Every structure is written in C-alpha cells, then in structure tokens.
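Visitor: Chains as they are written, first to last, in my numbering: chain A, 78 to 409; chain B, 78 to 409.
Hints listed in this document are in silico derivations from the structure and should not be mistaken for laboratory results.
The structure presented is a predicted model; accordingly, all values stated were derived computationally and were not measured.
Heads up, a few of these hints could be off.
Put simply, identical chains are the same to the list, so a pair is met inside one copy or across any two.
[Stated by the list, open to error] Straight line, CA to CA, 27 Å or less: simulated DSS-like cross-link-like pairs of lysine-lysine:
no. : residue 1 : residue 2
1   : 315       : 134
2   : 135       : 83
3   : 136       : 363
4   : 333       : 134
5   : 301       : 341
6   : 318       : 252
There are 2 protein chains.
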Amino acid sequence: MSVTIKEIADRAHVSIATVSRALNNNQNVKKSTKELIQKLAKELNYTPNFVARTLVKKKTNVISIILPEVGGEFFPEIIKGVDQIAYRNNYHLVVASSHSERNTVESILNFMAQSLVDGVILMVPSISNQLKEILATKKFPIVVINGYNKVESVDSVGIDNFQGAYSMTDYLINKKGYKDIAFIRGPSINSDAEQRKLGYLAALKDNDIEYQDDWIINGDFTIKGGELACSRLLSLIKKPKAIFAANDMMAAGCYKVISSLGLKIPEDVAVVGFDHISLSEFLTPKLTTVHVPTDEIGRTAAKLLFKILNDDENHEVQHRKITTGIIIGESC
Amino acid sequence: MSVTIKEIADRAHVSIATVSRALNNNQNVKKSTKELIQKLAKELNYTPNFVARTLVKKKTNVISIILPEVGGEFFPEIIKGVDQIAYRNNYHLVVASSHSERNTVESILNFMAQSLVDGVILMVPSISNQLKEILATKKFPIVVINGYNKVESVDSVGIDNFQGAYSMTDYLINKKGYKDIAFIRGPSINSDAEQRKLGYLAALKDNDIEYQDDWIINGDFTIKGGELACSRLLSLIKKPKAIFAANDMMAAGCYKVISSLGLKIPEDVAVVGFDHISLSEFLTPKLTTVHVPTDEIGRTAAKLLFKILNDDENHEVQHRKITTGIIIGESC
DNA sequence: CTGTTAGCGCTTTCAC
DNA sequence: GTGAAAGCGCTAACAG
Numbered sequence: 078m079s080v081t082i083k084e085i086a087d088r089a090h091v092s093i094a095t096v097s098r099a100l101n102n103n104q105n106v107k108k109s110t111k112e113l114i115q116k117l118a119k120e121l122n123y124t125p126n127f128v129a130r131t132l133v134k135k136k137t138n139v140i141s142i143i144l145p146e147v148g149g150e151f152f153p154e155i156i157k158g159v160d161q162i163a164y165r166n167n168y169h170l171v172v173a174s175s176h177s178e179r180n181t182v183e184s185i186l187n188f189m190a191q192s193l194v195d196g197v198i199l200m201v202p203s204i205s206n207q208l209k210e211i212l213a214t215k216k217f218p219i220v221v222i223n224g225y226n227k228v229e230s231v232d233s234v235g236i237d238n239f240q241g242a243y244s245m246t247d248y249l250i251n252k253k254g255y256k257d258i259a260f261i262r263g264p265s266i267n268s269d270a271e272q273r274k275l276g277y278l279a280a281l282k283d284n285d286i287e288y289q290d291d292w293i294i295n296g297d298f299t300i301k302g303g304e305l306a307c308s309r310l311l312s313l314i315k316k317p318k319a320i321f322a323a324n325d326m327m328a329a330g331c332y333k334v335i336s337s338l339g340l341k342i343p344e345d346v347a348v349v350g351f352d353h354i355s356l357s358e359f360l361t362p363k364l365t366t367v368h369v370p371t372d373e374i375g376r377t378a379a380k381l382l383f384k385i386l387n388d389d390e391n392h393e394v395q396h397r398k399i400t401t402g403i404i405i406g407e408s409c
Numbered sequence: 078m079s080v081t082i083k084e085i086a087d088r089a090h091v092s093i094a095t096v097s098r099a100l101n102n103n104q105n106v107k108k109s110t111k112e113l114i115q116k117l118a119k120e121l122n123y124t125p126n127f128v129a130r131t132l133v134k135k136k137t138n139v140i141s142i143i144l145p146e147v148g149g150e151f152f153p154e155i156i157k158g159v160d161q162i163a164y165r166n167n168y169h170l171v172v173a174s175s176h177s178e179r180n181t182v183e184s185i186l187n188f189m190a191q192s193l194v195d196g197v198i199l200m201v202p203s204i205s206n207q208l209k210e211i212l213a214t215k216k217f218p219i220v221v222i223n224g225y226n227k228v229e230s231v232d233s234v235g236i237d238n239f240q241g242a243y244s245m246t247d248y249l250i251n252k253k254g255y256k257d258i259a260f261i262r263g264p265s266i267n268s269d270a271e272q273r274k275l276g277y278l279a280a281l282k283d284n285d286i287e288y289q290d291d292w293i294i295n296g297d298f299t300i301k302g303g304e305l306a307c308s309r310l311l312s313l314i315k316k317p318k319a320i321f322a323a324n325d326m327m328a329a330g331c332y333k334v335i336s337s338l339g340l341k342i343p344e345d346v347a348v349v350g351f352d353h354i355s356l357s358e359f360l361t362p363k364l365t366t367v368h369v370p371t372d373e374i375g376r377t378a379a380k381l382l383f384k385i386l387n388d389d390e391n392h393e394v395q396h397r398k399i400t401t402g403i404i405i406g407e408s409c
C-alpha cells in the first residue's frame with residue numbers, strides 16, 4: 078500500500094504524533110524536525126489517507142448535489158458551478174441524480190446516515206410533503222435550489238422569475254413600443270412558471286396596460302405546447318403583436334407555427350422567451366430571451382453551503398434570488 | 078452522533094463482534110440473536126458508518142468519472158449511464174470535471190493517492206504523453222472512454238466512428254441513390270473525426286465510387302466551419318448532390334448557407350450529419366444523422382470497471398466499440 | 001455460535 | 001517540543 082505517517086516517523090526517528098503535527102503544519106514542532114518530516118514526506122510521495130482522517134475528524138470533505146437528472150440544459154451548468162466552489166474549498170463533489178431506481182429522499186437520507194458527506198445541495202422540481210418534513214427537522218447542512226415553495230428554515234437559492242418576466246415585459250413595452258403582448262404560461266403547478274406570469278402581469282399593470290384574458294394562454298413548457306398556444310393566439314380576432322412564451326421551448330413552437338403561416342418574426346409578430354437555452358441561439362431570427370445564469374446558481378448554492386459548513390453555529394438562514402438578464406436577439 | 082454497533086451490542090448483551098456478524102448477515106450467528114440484533118438495529122435506526130468500514134476494508138464503494146467538462150450534449154448522458162450502473166452495484170459516483178483550476182491527471186492521482194475511490198472512468202479528448210505514461214504503469218482499476226489513440230494495457234470504450242460513417246454513406250448510396258457525396262471533415266488531430274472520414278472513404282470504395290479530392294473539405298466541428306465548407310462546396314463547378322458533415326454542428330452550418338442561397342434541402346442538396354445532437358431534431362427539415370448512444374457508452378464503461386473491480390486477478394483488458402445507428406430525418 | 005483482541009491510519013489529549 | 005496512549009467505528013482472525 079501507500080506510505081503512512083508511521084513510515085515517515087520511523088525514518089525521521091520521531092513519533093507518529095510529531096509527524097502528524099508537522100504535516101498539519103500546526104502546533105509547535107521544532108523547525109528542523111518539521112522540515113525533515115516534510116522533506117521525507119515529499120520524498121516518499123506521501124499522501125494523507127483521506128478515509129482515516131475522516132474517521133477521526135468526522136468530516137468527509139465531500140459534499141453532494143442531488144438533482145432530478147444530470148442531463149438537459151441546466152443541470153450540467155449547475156453542477157459545474159458547484160464543482161468549482163467545492164474544489165476551491167478543497168472538497169469533492171458527489172453527484173447523485175434520482176433516476177428510476179433511486180429517489181431523492183432516499184438519496185439524502187442515505188448520504189447523511191452513512192456520514193458520507195458533510196453537506197448536500199438539493200435540487201428538486203417541487204418539494205413534496207415528505208421532503209418538507211425531512212427538511213424542516215433536518216440537522217445537517219443543506220441548501221435547496223428551488224426558489225419557491227420553500228422551507229423557511231432551510232437555506233435556498235433560486236432564480237428571480239418574477240423579476241425576469243417583469244423586465245422582459247417592461248423591455249417590450251418601453252424599449253420596443255409593444256402594447257399588445259400575449260403570454261404563454263407554463264404548467265400551473267410549476268411555481269417558476271407562475272412567478273413568470275405574475276411578473277408579466279405586474280409589468281403590464283405598472284405600465285397601465287389592461288391585460289386581456291384571452292391573451293394569457295396555457296402551455297406546458299414543450300415545443301408542442303408552444304405550437305398549440307401560438308396557433309390559438311394567432312386565430313383570435315384581436316391578435317397580439319408580441320408573444321412572450323414562459324420558456325424558450327414554447328417560443329420555438331411559436332416559431333414553427335408562425336413560419337408555417339407564412340408570417341415573419343418580428344415584423345408580423347414578435348416572440349420572446351425565457352431561459353436562454355442553447356436552442357434559442359440557433360433559431361432564426363435569434364430569439365430575444367431572459368438569460369438564467371445557471372452556473373451562478375450552482376456557485377451561490379455551494380457558497381452558501383460552505384458558509385454553513387464553516388460557520389455552523391451562528392449561520393442564519395438565507396434565501397437568495399439570482400437575478401436574470403435579457404439576451405437581445407432579433408425576434409422583437 | 079448516530080448509533081454505532083456498540084450501542085446495539087450493549088442493548089443486546091452481546092459483543093460488538095456478534096453485532097457486526099449479524100448485521101453482515103454472514104457467518105454463523107444463532108438465529109434468535111441475529112434476529113434480535115436486526116430488530117434492535119432497525120429500532121435504533123442504525124446505519125453502518127461507511128467511513129469506518131472503508132478504513133478496514135480498504136474499499137470505498139465509490140468510483141469516479143473524470144471528464145473534460147460536465148456540460149454539453151454528451152457528458153451528461155455518459156454520467157447518467159455510469160451512475161445507473163454504479164447505483165446497481167451499490168456504489169457512489171464522484172464526478173470530477175477538469176476546469177481551469179484542476180487538470181485531469183492531477184485529479185486521477187489525487188483520487189487514487191487518497192484512496193478515495195476504488196476505480197475511475199476517465200474521459201479525455203486526447204491522451205497526452207504524460208497521461209499515457211501514468212496509464213501504462215497504472216495499478217488501479219481504470220477504464221478510458223475514447224476510442225482511439227488508446228493505451229493497450231488499459232480497458233477502453235469508444236464509439237465506432239468508422240462504422241457509423243460507413244453505414245451512413247452506404248445508406249446515401251444504396252437506399253437513397255446518391256452518388257455525388259461530399260464530406261466535411263472534422264479537425265484532423267481529432268481521431269474520431271479521422272475515423273469518420275475513413276468510414277466515408279471505405280463506403281465509397283466498396284460501392285465503386287471514385288472519391289473526388291475537392292469534395293473532401295476541412296472543417297472544425299463548428300457551425301461556422303460548416304458554413305464555410307458548405308459555401309465552398311456549393312461554389313464548385315461540379316457540385317455534390319449530398320453533403321455528409323462529420324458532425325451535426327457543421328451540418329447546421331450547411332443548413333444556414335443553403336437556405337441563404339435560396340436552395341432547398343433535400344431537393345437541391347441533401348445534408349446529413351453525425352452525432353444526433355438535440356439541435357438536429359429542431360432543424361427544418363429534420364436532419365438525418367448518425368446516432369451515438371451516449372448513455373450506453375457510460376454504462377459500458379461502468380460495467381467494464383465493475384468487471385475489473387469484482388474480478389481483479391484474471392480480468393483481461395478489453396477494448397469495446399459502441400456501434401451507432403442512423404436517425405432518419407427528411408434531409409436526404 | 002460468540003467473545004477477545006488487534007488493528008485500519010490518523011488526530012488529539014495529557015504528560016513529561 | 002515531543003512521545004505515549006487512547007480512540008474514531010468497524011472487521012477479521014483467533015480462541016474457546
């Protein structure tokens with residue numbers, strides 16, 4: 078096996094305690110012996126046994142992120158952000174995605190029970206009651222990624238959907254001069270989607286624009302849903318001049334319908350989206366959309382977690398919102 | 078802290094050794110005491126301390142996957158595949174992506190040195206000499222994802238680029254009746270790209286079609302590169318009737334150029350790609366392309382790794398190639 | 001069947 | 001400054 082402190086101790090003719098001290102650079106070890114030990118360690122290519130240290134320190138230097146899936150547009154970015162911060166803190170990251178054979182709750186409990194990780198970042202589409210209970214009574218460091226429907230006692234970070242939708246709507250009105258703006262909603266159980274709708278409504282209101290009931294159409298965040306919604310909007314007697322889709326996928330659906338009707342974006346009707354997925358860059362004309370800084374979410378969550386980890390006692394719960402920005406394309 | 082076997086031992090009035098045995102279900106423990114212990118364990122909500130066990134067993138039940146990046150089209154799928162298999166084997170997965178602050182080699186050495194993981198899956202765009210050396214002298218379980226440029230002594234899995242390109246070309250010729258097929262290459266240092274070119278050439282040859290030098294154009298796997306290559310091809314005196322881009326990104330570039338020239342796909346010129354990235358589904362007309370079963374790569378790599386892990390002594394090195402399939406769109 | 005004992009590799013009092 | 005010794009929670013001989 079690999080070299081241990083015992084090996085070094087033997088060669089340096091000191092005790093393993095001294096080696097331990099010297100290697101941890103702390104304590105009061107005579108300069109010369111410290112140097113000798115460090116030299117020896119280097120020579121022997123010594124690396125501390127992580128596991129042994131963990132056993133005594135009760136600290137694994139591992140955090141974990143649990144998410145519904147590892148693929149897609151957002152998750153990888155989040156992981157990346159977390160990984161970055163973890164690395165800087167000299168931590169490792171275990172990624173656990175719930176899949177058919179594993180569910181989120183199980184994952185958390187498992188990790189924590191086995192004292193495998195020092196903390197977890199949890200990303201869930203929605204917070205079930207079972208989960209809520211666990212979180213409410215939790216006694217381990219955790220931060221949740223998911224803006225709404227949150228548990229008060231648990232740190233969280235989410236994106237500011239309201240602000241994003243508000244500023245996009247405001248942009249359409251005040252920078253682009255649109256007044257007739259329709260909105261395609263996301264699934265109503267989805268709290269992100271709801272916030273986006275509220276942001277849209279608030280912006281209309283603040284600009285003294287009456288909202289039209291039939292310009293707020295249900296959608297389901299899919300391309301297909303966008304197509305359906307869009308064709309309904311464009312078959313109204315009073316058609317909107319701009320369509321704000323609650324996500325880019327549905328905006329892409331609008332593109333399909335609009336081009337199949339022989340209409341032009343943005344001349345005949347403008348389309349804007351939300352998310353800034355990579356597809357939005359490939360649409361012609363390039364989609365104007367709300368950018369969600371995904372990696373920042375990951376980084377923020379990780380930073381929050383380390384704040385708890387380093388500052389356990391007097392850490393106070395925070396709920397952070399990540400603000401969005403507008404990516405200006407040519408679709409309005 | 079959490080319950081330990083000592084706690085259980087006390088309550089059951091037996092020694093910790095017996096508890097350990099009972100819990101591990103092995104050995105010969107009297108049925109009644111075993112049942113008592115297991116009942117107690119459940120009552121006390123006992124979970125084994127992973128770290129303590131690791132320290133003595135010298136086995137962490139963690140594998141790691143190291144990749145250049147966590148985002149993008151492919152990596153998440155690979156991770157997912159690995160995760161699935163890992164979970165089934167009762168293992169955890171640590172994901173490490175090399176980023177600005179960390180490089181691959183460092184990661185491997187680090188993990189192994191700290192005896193943090195039992196094995197690693199390594200995915201690299203290319204294998205440097207430094208890495209090659211490490212791999213050649215490696216003494217820990219590792220499997221490399223990257224078909225070519227491989228180290229003989231190390232297990233690997235990669236996709237069969239040659240076969241993929243061959244069958245696509247063959248499909249164009251024999252199913253679709255094309256004879257004038259141009260090819261846009263990837264970067265020549267990229268061995269995947271080279272294999273694709275070879276597959277293309279081989280298919281032409283086997284069908285007795287002379288290849289044309291100026292129909293094989295350099296590209297760089299980017300949209301821009303695809304655009305450039307495509308406009309060069311379409312300004313030739315003798316234009317090809319079909320363009321086989323070595324990846325979907327470049328195929329997307331072709332789409333742009335072709336539509337800007339007012340030409341139609343596939344009537345005026347057919348376009349096919351390679352990779353089956355999600356963008357290819359959104360192109361109009363839908364792109365015909367070679368599907369790379371990414372999650373299968375991950376699964377295969379993981380299975381291979383566990384084969385080594387479980388079968389250490391007499392495992393013989395394998396090099397696996399994952400075959401591809403054709404996704405039929407409307408672009409040819 | 002079950003208990004005793006000796007570690008795994010390291011950190012951390014407590015003495016000297 | 002440094003060593004001795006205990007112990008983290010568990011497993012694995014070795015006895016009985």
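Visitor: Determine for every hint whether it applies to the structure shown.
Guide: Comparing the hints with the structure gives:
With identical chains, the CA atoms of residue 315 and residue 134 are never at most 27 Å apart, being 69 Å at best within one copy and 73 Å at best between copies. In the homo-oligomer, the alpha carbons of residue 135 and residue 83 lie at most 27 Å apart both inside one protomer (22 Å) and across protomers (18 Å), since each shortest distance falls under that limit. In this assembly of identical chains, residue 136 and residue 363 lie within 27 Å of each other by CA distance neither inside one copy nor across copies; the values are 49 Å within and 52 Å between. In this homomeric assembly, residue 333 and residue 134 never come within 27 Å of each other (Cα to Cα): the closest approach is 59 Å inside a single copy and 59 Å across copies.
In this homomeric assembly, residue 301 and residue 341 come within 27 Å of each other (Cα to Cα) both inside a single copy, at 20 Å, and across copies, at 25 Å. Taking identical chains as interchangeable, the C-alpha atoms of residue 318 and residue 252 lie at most 27 Å apart only when both belong to the same chain, with a minimum of 15 Å there against 46 Å between chains.
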